[in-house]
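Visitor: Sequence:
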Amino acid sequence: MTVYLPIAELSVNIFIILGMGAAVGFLSGMFGVGGGFLITPLLIFYNIPPVVAVATGANQVVASSMSGALSHFRRGTLDVKLGTVLLLGGLLGATAGIWLFSLLRRIGQLDLVISLLYVVLLGTVGTLMLLESIRALRRAANNQPVSLRRPGQHNWVHRLPLKMRFKKSKIYLSVIPVVGLGFCIGVLTSVMGVGGGFIMVPAMIYLLRIPTNVVVGTSLFQIIFVTAYTTIVQATANHAVDIVLAFILMVAGVIGAQYGVRVGQKLRGEQLRALLALLVLAVGVRLAVDLVATPSDIYSVVSEGVYR
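Under this note's numbering, the residue at position 173 of the sequence shown is numbered 173, and the numbers go up by one with no gaps.
For the record, the hints were derived by calculation from the structure and aren't laboratory data.
Bear in mind the structure is a predicted one, so any value in this text is a computation, not a measurement.
When the alpha-carbon atoms are kept at most 25 angstroms apart in a straight line, the in silico DSS-like pairs for lysine-lysine are as follows: (1) K168 x K81; (2) K167 x K81; (3) K163 x K81; (4) K170 x K81.
Assemble the whole structure, with the sequences as input and the hints as a guide.
Guide: Set out below in structure tokens:
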């Protein structure tokens with residue numbers, strides 16, 4: 001059974017798209033990530049134009065992040081003040097990223113840049129996660145205690161000026177690195193279609209020393225508004241959001257996430273991180289292979305950045 005995607009301008013098998021959405025939703029529920037860094041490469045693998053894959057992938061992240069953020073708000077594990085400062089940087093970064101996105105699309109280099117960014121980002125993050133999870137598994141096997149620096153400890157970030165007190169997080173921190181982190185995530189959201197939580201959460205914990213119990217909810221709070229803003233601007237400026245594709249992915253993702261949460265509760269944290277690292281590396285390797293392999297169709301016709 002096929003369905004026509006009006007923005008992507010091609011017909012796709014609806015069951016394959018449903019399968020992608022369900023699989024990413026399952027992984028999102030199991031690993032606690034937004035899934036934007038997985039759904040965008042998968043859509044590109046299925047020959048969805050990267051410009052549509054990026055914009056529509058960001059749209060899907062809004063739904064999954066909203067549900068998680070509301071849950072954290074009800075539990076009191078969301079720092080709205082910190083999230084607002086992150087959001088300020090995120091909106092600035094998203095605006096800059098959308099300008100860069102449009103520029104790359106005009107000069108015909110968008111597809112290459114997106115693929116290269118994904119290869120570098122997924123390769124780096126996947127490798128670091130895999131090494132950390134292997135060390136954690138070894139410590140667990142040898143019954144060794146985990147030695148982590150506590151959130152209250154200070155580093156060079158805490159010596160920066162323009163400090164602000166965040167009562168919910170119980171920290172006194174400069175707004176410069178907070179805005180800077182939000183800016184970087186905003187650029188990634190608009191250029192790559194990712195929520196950025198898989199980068200923001202470790203940075204907030206290990207770099208900014210923010211208590212772990214408020215990190216996830218605060219990260220989701222920022223992601224909601226930045227991805228929503230990116231989706232709206234991408235739809236109006238670049239006409240790149242395919243609502244039919246987004247709807248199918250969201251429905252399947254919500255269903256898949258329910259089962260993913262159940263499976264994730266049965267695995268230990270280090271096992272989950274190792275599996276996620278292997279998955280991230282596999283997607284990165286596949287994209288790298290596509291960059292260097294000879295395509296089946298050497299020549300293609302492109303009109304305004306969309307394949308015909």
